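Colleague: Now for the letters of each chain:
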Amino acid sequence: GQSLEQPSEVTAVEGAIVQINCTYQTSGFYGLSWYQQHDGGAPTFLSYNALDGLEETGRFSSFLSRSDSYGYLLLQELQMKDSASYFCAVGGRDDKIIFGKGTRLHILP
Amino acid sequence: DAMVIQNPRYQVTQFGKPVTLSCSQTLNHNVMYWYQQKSSQAPKLLFHYYDKDFNNEADTPDNFQSRRPNTSFCFLDIRSPGLGDAAMYLCATSRDVGLAYEQYFGPGTRLTVT
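Residue numbers (my numbering), protein chains in the order written: chain D, 1 to 109; chain H, 1001 to 1114.
Any given hint might turn out to be false.
Once the Cα atoms are required to be at most 25 Å apart in a straight line, the calculated BS3-like pairs of lysine-lysine come out as [what the hints assert, rightly or not]:
1. 96/D with 1017/H
2. 1052/H with 101/D
3. 1017/H with 1044/H
4. 96/D with 1044/H
5. 96/D with 1052/H
6. 101/D with 1038/H
7. 101/D with 81/D
8. 81/D with 1038/H
9. 1017/H with 1038/H
Derived by calculation from the structure, the hints in this document are not laboratory data.
Remember, it's a predicted structure, so these values are computed and weren't measured experimentally.
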């Protein structure tokens, strides 16, 4: 089976840096994705890591350690519009991914 | 712009009355997915199509059916909606085999069951 663990909520201050962790257990692991979802909106793809290391896309970075079954999403220079839920998701051999329960990010002015 | 479109955005149906939700895509992607998402929960995969090949999740109730008549369109049929089926239904696509990690979602249809 597959399972993912991520914190249910994280709070940070505007302009700061925040890290959202994700640990997973899965067979046939292919990679770890991250999605952002604003209230009432649809999930939006942010990043994907298939190999160990850090991937940077603007203010967002994502990290993967396959040996530790662990990854994180790093958000820098936080803006109020970054207030959303963030889901990690693992992909296996078939054409689907399984989402974690999501982390709700609260940003304080 | 290429996109995933879902209609209607809001759907109200009566308990036990069949309802169909529709999804179309202009991305020409081979894989289409249907997810159910309840408040403050993760999207839950119901089934997906790779081209015309249908893949049902083991825990998807028989009450949920799907059709994909062509590459662009996919439908979700709920044969006898119950109160527990009230949720947001999300359609998504991915370009091809092995690219499920990057999915493009439609805006969703919020289903209310009265």
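Colleague: All hints are to be evaluated individually against the structure, with a verdict given for each.
Modeller: Each hint, compared with the structure:
1. 96/D with 1017/H: violated (30 Å)
2. 1052/H with 101/D: Distance ~30 Å between residue 1052/H and residue 101/D Cα, so the pair is violated.
3. 1017/H with 1044/H: holds (23 Å)
4. 96/D with 1044/H: Distance ~11 Å between residue 96/D and residue 1044/H Cα, so the pair holds.
5. 96/D with 1052/H: holds (15 Å)
6. 101/D with 1038/H: Given pair residue 101/D, residue 1038/H holds - Cα atoms ~11 Å apart, limit 25 Å.
7. 101/D with 81/D: holds (21 Å)
8. 81/D with 1038/H: With Cα atoms ~23 Å apart, residue 81/D and residue 1038/H stay inside 25 Å; holds.
9. 1017/H with 1038/H: holds (20 Å)
In the structure shown, a violation is registered for the earlier hints numbered 1 and 2, in ascending order.
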